[in-house]
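*Asks:* Top to bottom, those sequences are chains W and P.
This note's numbering puts the first residue of the first sequence at 1, with every later residue one more than the last.
This note's numbering puts the first residue of the second sequence at 1, with every later residue one more than the last.
Worth flagging that the hints you see were computed from the coordinates, not collected in a lab.
Values in this document were obtained by computation on a predicted structure and should not be read as measured data.
Heads up, the beta-carbon is just placed ideally off N, CA and C, and yes, glycines get one too.
It is possible that some hints are incorrect.
[Said to hold, decoys possible] Between beta-carbon pairs, the in silico distance windows are:
#1 P/Lys-18 x W/Val-324: 42 to 48 Å
#2 W/Val-324 x P/Asp-268: 28 to 34 Å
#3 W/Asp-345 x P/Asp-268: 56 to 62 Å
#4 P/Ser-231 x W/Glu-321: 30 to 36 Å
#5 W/Val-324 x P/Val-337: 32 to 38 Å
#6 P/Gln-225 x W/Lys-266: 38 to 44 Å
#7 W/Glu-72 x P/Ser-231: 28 to 34 Å
#8 W/Ala-81 x P/Gln-225: 49 to 55 Å
#9 P/Thr-6 x W/Gly-383: 24 to 30 Å
#10 W/Arg-262 x P/Ile-148: 48 to 54 Å
Below are the chains, spelled out letter by letter.
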Amino acid sequence: MHFNFNEEEEKFRDEVRAFLDENLPEGADRHDPVFLMEWNAKVREKRWVGFSWPKEVGGGGGGIVEQVILKEEMAKRRAPALGTCFMGLAWVGPSIVQYGTEEQKERFIPDILDGKYQWCTGYSEPDYGSDLASLQCKGVLEGDEYVVNGQKIWTSLAMWAEWIILLVRTDPKPAVKHDGITCLLVKMDSPGIERRPIQNMSGGSMFAEVFFNDVRVPVNNRLGAEGQGWQVTISALANERSGIAEVTGMIRKLEELKELARKTNKNGRPATEDTRVRGRIARFEAQIEAMRLNGMRYLTKQLKGEPLSSETSVNKLHRAELEVTMGDFALDLLGSTGHYRAGSDAAVDGGKWQTGALNWPDVVIGGGTPNIQKNIIAERILGLPKD
Amino acid sequence: MNFGFTEEQELLRSEVRKFLDDQCPMEQVRKIMESESGYSAELWTQLAELGWLGLTIPEEYGGAGLGWVDLVVLLEETGRSLFPSPFISTTLTAAAILEAGNDEQKKAWLPALANGSAIGTLALLEQVDVLSADGITLLAKTDGDDFILTGEKSFVNDAGAATHFVVAFRTGEGAEDLGLAVIERDAEGVNAQSFPGIDQTKRVGSLSLENVRVASDAVLGTAGQAWPLISRLLDRGAIAVTAEMVGAAEGALYMTVQFAKDRIQFGDPIGRYQGVKHPLAEMYVDVESFKSMVYYAAWTIDESPGEAERSVSLAKAYATDAFTRIGIDGVQLHGAVGYTAEYDIQLYLKRSKWARPMFGDADHHYERVASLGGL
Ligand SMILES: Cc1cc2nc3c(=O)[nH]c(=O)nc-3n(C[C@H](O)[C@H](O)[C@H](O)COP(=O)(O)OP(=O)(O)OC[C@H]3O[C@@H](n4cnc5c(N)ncnc54)[C@H](O)[C@@H]3O)c2cc1C
Ligand SMILES: Cc1cc2nc3c(=O)[nH]c(=O)nc-3n(C[C@H](O)[C@H](O)[C@H](O)COP(=O)(O)OP(=O)(O)OC[C@H]3O[C@@H](n4cnc5c(N)ncnc54)[C@H](O)[C@@H]3O)c2cc1C
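With the hints as constraints, model all of the structure from the sequences given.
*Replies:* Set out below in structure tokens:
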């Protein structure tokens, strides 16, 4: 057991740090569009976008340990994201790398790496969320086109995305419901697609409903074989799972919470003198440390070539709980000043804590709810009978 | 980076597990826990022969010369089996002598601890849950180079079995004027007592000292400067106990999982109902999590002492809360049979109650985490 990185890995860390020193100077405005454009071009040139993807498709061909180092160092300096096509990088690209034809790789991967446009994900339907494999949006092969009819919902970024990775049912009566699902890559401006934004409870509107009315999709936009959509999805979800990158974000959030505690009073005394406040913060720290170390243990398993799957639900559950409890804790610290709505002058720190306390569904519900994660652990790891 | 065990460590694990499964299954554990001494002298000798009692003692003093990560492997298994023995106490005694003793002291005591002829324990604190220098009030009188000790030590693990006590005493009123000495059980004025405990697989007692003479060759390190060592011993104690909690919690979890697969109610195994399934999944998340933290803490003791305080406190605090819940849910999910003396799950619940305050409860350790984290 050791936690040191070898010489080569440390050299890589130095390289990342040097790059950051040069390209992300103290005080750089991370929201300045000109700066962001230059930044994106530079990290792309370093092949740090798609870091672990094969070199042949334009990725960096890097290893997972180096990827951890890269993400760690980037997070420490609060660097802008590596690449701008969020879902393209997280799972669409990896799925195309694994299941796509040569033609598809050439057509899609460079654009994803360059962040030319956004992708979105069409899995959930109004009647099928947790029970994803029961989805009903229909795809019927007619000649060399699939004709798609049905509806998707909660489609993040759908209003902005140029492409959607879509799951449709191509076999209405399969022996098992996981069969008969097919994955299609669909242009969002195809005739017959209609999108309607949905407002969320914190006032944002980052997801939408998407309707499909006789939408025609060329068969060479099918990812994987017909009926293989479920496998494509599962392995896509398994692609981004060492879970360490999120932890550095959580560590940062904890530090911000401590800062908030330092400038807050509780019962007329500094909040940091309150034993309950101290205890709650320490508990968050323990949970975040658990996530960090679980992540490292699972990473070690991967390095030894042991496949990971359901273990990732462990940290998803921690993350869900932390997101909710840390959000509420911030509001507790703010007390009645926490009532002021984000964006108003009266709100402390511009109201980011209030927004945070309302945005937990992003990570709690998005990507599968806690109940579903618990079913996964109980059934696939502990071997209990299925629901 | 490699956050896993070596092949040797995995081999050690399977050897220990096999030994305990064969030699000390639950019926045997129950026999031992009901016995007067609370441990089996015969198994103790076998552990010595297998080299496990001296696992962390250097080879030159009769041990195997391994580290705390190796020790964690062993402790996880003794925890899983609820193996009753003064193993943790003896290991901590060896750690004290190893860190602060001179060569003669090491030669005098370590081989005996490794070969099982001596059983050691720590007798550090007097006040309930004060794990600081303030918790030690026993004031030593000096007589030439010797110290004369009179007083009472509480919460002494394995007091009944121990042949050697590592005793903390004061040399002055100062916050950290502390010393440590090794006192033998049969010395004049020593009286050790064992009391029936909440967890019968563990023995706790007290040590009373009346004008006990401690010659300078029994003092570990420099009298008056022992606090840093005592503090490290408390941390090691915490990690040893938590390592056993990993095994015990995992034992309780899988025992309950098996029960949930076997027990039929409403026409189905109860493991099909989410009211049963979900708490089991939560137990798994907790066990995985404090397991990672214990492994890391053990590693810091060996390789990165600067991080040890924080990592030990995080592990012990998290495990203390989590194992408590696991004990309770384990019994609850067994239904009424879980409440019976006959079923084993309640033994694990009792272990969780024993482990809670041991070497610092969750509040103590979370407070330390807060301080170390700049609050
Ligand atoms: C911010 C956000 C972004 C999202 N982005 C996308 C996206 O881009 N693309 C996309 O396809 N989807 C997206 N989703 C949808 C998300 O994947 C689903 O919301 C999620 O899987 C839950 O499905 P549902 O909302 O239909 O809830 P339901 O499945 O109706 O569940 C309702 C409640 O019942 C519980 N439940 C359901 N089944 C069981 C069971 N068997 N056992 C126990 N409890 C159960 C659930 O845990 C939940 O608490 C997003 C969701 C959110 C909140
Ligand atoms: C102190 C004590 C006194 C008692 N006194 C009496 C008495 O005087 N008279 C009498 O008749 N009985 C008595 N009982 C028995 C008591 O009513 C039963 O123990 C209780 O109903 C549970 O049944 P069980 O023990 O068979 O557990 P099981 O039914 O085997 O349940 C085991 C676990 O599975 C869970 N479970 C079972 N089915 C489901 C489900 N469908 N969904 C979710 N979870 C499920 C349970 O909640 C429990 O956690 C007593 C029990 C105790 C502990």
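*Asks:* Does the structure break any of the earlier hints, and which numbers would those be?
*Replies:* The structure conflicts with no hint, since it agrees with every one listed earlier.
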